[in-house]
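Trainee: Below, each chain spelled out in residue letters.
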Amino acid sequence: MAAVEKRFGATDGHIRMPEGSLHYMFGFVDITGLPEEEIFGCRGKAQLLGPLLEAKVGDEVYLTLTNLGMPGRPDLDDSHTIHWHGFPNQIPLWDGVPEASLAIPVGRDFVYYYKPLHPGTYMYHCHFEPVEHIQMGMVGPLLVRPADFDPDIPAFKTAYGNGTGTEFDREYFVFLTELDAKAHHQIAIVQEYDWSEFQPDYWMINGRAYPDTINETNGSVFPNQPYHARIRANSGERILLRFVNLGYQQHAIQILGIPLSVIAQDAQRPIGIHGENLSYRKNVIYIAAGQTIDALFTAPAPGKYPLFNRNCHKNINAGTAPGGMVSEADIFAGTLPPQPGPGQ
Amino acid sequence: MATRNINLWAADGYISMPDGFSVYIWGFAPSAGARAQLPAPRIVVNQGDDVKITLVNGLPEATSIVFPGQDNVTVDDGTGPRPVGPRFDGSGNLISLTDFADYPGNPDGNPTVITYSFTAFRPGTYILESGTNPHKQVHMGLYGALVVRPADYDPGVPSRKTAYGENTGTEFDREYLLVVSEIDPELHRAVRLGQPYRIRGYKPRYWTMNGRAAPDTMFPDSAGYLPNQPYSSMIMLEKDEKVLIRYVGAGIENHPLHPHGNHTRVVALDGHLLQNGPYNLSYKRFTVLAEAGQTYDQIYTWSGIGYDQTHPIPTTVPNPRNLAVGDAGWTMWSGSPYLGEKKDIPVGVTSFNELGEYHFMLHSHEEPQITNWGEFPGGMMTMIAVYPEGTLGNAGTLE
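Just so you know, the protein sequences line up as chains A and B, in that order. Just so you know, we're using the numbering used here here: the first sequence kicks off at 30 and counts up by one. Just so you know, we're using the numbering used here here: the second sequence kicks off at 4 and counts up by one.
I should point out that these hints are in silico values taken from the structure, not numbers from a laboratory. Hints may contain errors.
Claimed, not checked - Facing chain A, a subset of chain B residues (Cβ under 8 Å, in silico):
{"#": "1", "residue": "98"}
{"#": "2", "residue": "156"}
{"#": "3", "residue": "160"}
{"#": "4", "residue": "163"}
{"#": "5", "residue": "228"}
{"#": "6", "residue": "257"}
{"#": "7", "residue": "263"}
{"#": "8", "residue": "264"}
{"#": "9", "residue": "290"}
{"#": "10", "residue": "317"}
{"#": "11", "residue": "323"}
{"#": "12", "residue": "334"}
{"#": "13", "residue": "364"}
{"#": "14", "residue": "377"}
Said to hold, decoys possible - Listed next, the in silico DSS-like pairs over lysine-lysine satisfying Cα-Cα at most 25 Å (straight line):
{"#": "15", "chain 1": "B", "residue 1": "287", "chain 2": "A", "residue 2": "144"}
{"#": "16", "chain 1": "B", "residue 1": "242", "chain 2": "B", "residue 2": "287"}
{"#": "17", "chain 1": "B", "residue 1": "245", "chain 2": "A", "residue 2": "144"}
{"#": "18", "chain 1": "A", "residue 1": "211", "chain 2": "B", "residue 2": "206"}
{"#": "19", "chain 1": "A", "residue 1": "144", "chain 2": "B", "residue 2": "242"}
Just so we're clear, the structure is a prediction, and the values are computed from it rather than from any experiment. A virtual CB, placed ideally from N, CA and C, is assigned to each residue, including glycine.
Put together the whole structure using the sequences plus the hints.
Mentor: Structure representation (structure tokens):
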């Protein structure tokens with residue numbers, strides 16, 4: 030049990046799609062530990078996805094949200110919140126729904142407190158005018174480790190605890206969102222958007238569209254899109270995929286040649302009333318908006334295995350294939366060093 | 004076992020959206036000469052009841068009702084009961100999924116009043132909807148829900164106040180029915196004006212719970228200003244109570260419904276208890292995809308994690324004047340972190356909080372669906388309100 034102190038800024042920025050187009054966005058940026066005088070410099074540096082929020086069962090998470098304002102839209106004084114999607118028995122104060130508690134205006138801070146009691150894969154997002162703020166990019170991955178998690182002991186490096194059959198060697202998020210370029214453009218130029226016209230141009234995994242999904246460089250190339258979506262493993266290793274859908278559509282993801290064992294949905298293991306393990310195998314993960322699914326696979330023979338959306342019309346960038354929700358699982362013959370952290 | 008005689012009049016009418024838009028509908032009316040309502044009048048019967056539903060057609064085309072999940076449905080158009088079946092035209096093309104009541108003045112002289120009968124043989128939540136031109140008539144509003152209580156149902160005995168019978172793990176304290184759908188106003192307008200009905204261009208602009216879009220979803224049953232949308236979608240419970248929430252997917256699309264505050268436990272699908280012999284197959288979810296034509300029975304509860312004035316939260320609540328409360332001009336918040344406590348709300352904000360209850364949103368996570376023609380807030384959204392123990396009275400009864 031530990032205290033996890035984090036501070037996220039809410040601001041705006043730009044993301045890049047593979048053919049070079051830039052899109053105005055809102056999002057979060059990690060400002061944990063930054064001196065106050067440096068925080069102002071993070072305005073306009075929102076990232077997609079937002080920073081990973083990671084905790085262990087029993088931890089006490091103090092998450093400060095600071096509204097840094099929108100330098101790209103100085104007229105826009107929207108408030109922001111953080112909603113931990115799927116937190117059981119939450120109280121409204123920390124639930125982040127402005128209509129049911131409070132939101133954070135420009136220039137203010139607010140401390141959310143979470144003591145997670147259930148391991149699993151979750152998501153967080155802003156709930157202020159959520160149709161706009163989620164589409165604009167205010168989303169992030171969230172995982173809770175089981176209380177007995179120990180990355181140095183294989184039997185305790187698990188998704189749901191020792192003895193649950195959820196041991197893994199490496200873990201990756203497959204975090205699904207869409208981008209409607211017209212919506213982003215309208216908001217950038219201070220125009221209304223009719224959200225019933227929502228129609229994506231790009232489909233992303235971990236905030237990027239193919240082929241950027243498999244580009245492991247970051248920094249200079251993708252200053253605001255820190256997470257690639259290339260799954261790498263040594264043959265024979267157990268790989269945990271944490272699927273999250275925070276888009277507005279239903280998606281069907283498969284890795285050709287690699288069946289998946291579904292070990293949890295919405296952070297709930299499929300177990301019977303008498304404790305029976307009801308995990309099951311699937312080739313395609315069908316996932317609706319606001320759901321999470323955890324799946325395991327054992328890395329097969331070395332080679333590249335394509336990962337894509339079986340709703341094939343989403344494997345494009347602004348109409349051109351290949352693109353969109355495509356990535357790959359790259360399997361090595363034992364040459365990969367251990368994974369330093371999720372998705373790396 | 005009783006005989007339940009129910010009359011439904013297929014009629015037209017108008018419903019009202021929160022942005023002021025009026026939508027022309029076809030639907031079921033509860034009495035002769037009344038306008039259609041959305042959804043159909045609720046039908047709640049007991050397992051074993053003989054249910055007789057008489058359909059009186061007042062629409063300009065034939066219409067019917069299908070009862071997915073009911074066995075041995077018969078129809079009587081005045082010549083005696085016979086099993087229902089699909090209807091075909093002279094060339095063998097399907098023209099109706101079931102026997103229909105023809106429209107008044109039809110040249111064939113077919114009956115315009117027919118009676119469907121069945122024995123409600125198993126408990127559960129079921130959809131009922133038009134089986135004639137369903138791509139048009141269901142979307143126009145000819146849909147509703149049927150609830151069958153288990154044979155041993157006894158609201159006075161907690162172990163028998165259940166969705167599926169004693170010892171099925173489906174006990175509840177209160178229950179709510181949410182029939183969800185979408186509205187493409189262009190299609191409704193085309194029907195009103197007698198223009199071609201082009202479902203190929205289907206583009207919903209409103210998303211509804213019990214025929215209303217938010218914030219109307221949170222208004223009470225039988226609100227006077229919503230005369231043809233009588234059903235609230237506000238879910239109210241006391242702390243630690245079990246609430247049975249019945250979803251019915253009456254639209255064309257599937258909707259991922261996400262309740263804040265807790266997971267739900269899904270206990271039945273399409274009126275089938277999730278039970279296989281001795282094995283309870285129920286499961287918990289924080290988002291349930293309510294799919295078209297299907298029903299989902301779930302138990303929701305909220306117990307909290309122990310905060311009250313004597314076990315205070317570990318953070319300080321800032322002065323709400325320094326934060327944003329009620330951006331829309333209204334709030335459901337009490338101003339306090341604690342259940343049952345009301346504190347000040349900034350001046351100029353209307354609080355709909357009654358007793359310091361907690362509000363948790365329940366909404367479609369396809370977020371464009373929580374707008375009214377693109378404007379947030381709206382659409383397929385409501386609140387779950389958790390009240391302090393002993394304060395709620397008898398909210399949450401279905402009759």
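Trainee: Name the hints, by number, that the structure is in violation of.
Mentor: Per hint list: 1, 2, 3, 4, 5 violated.
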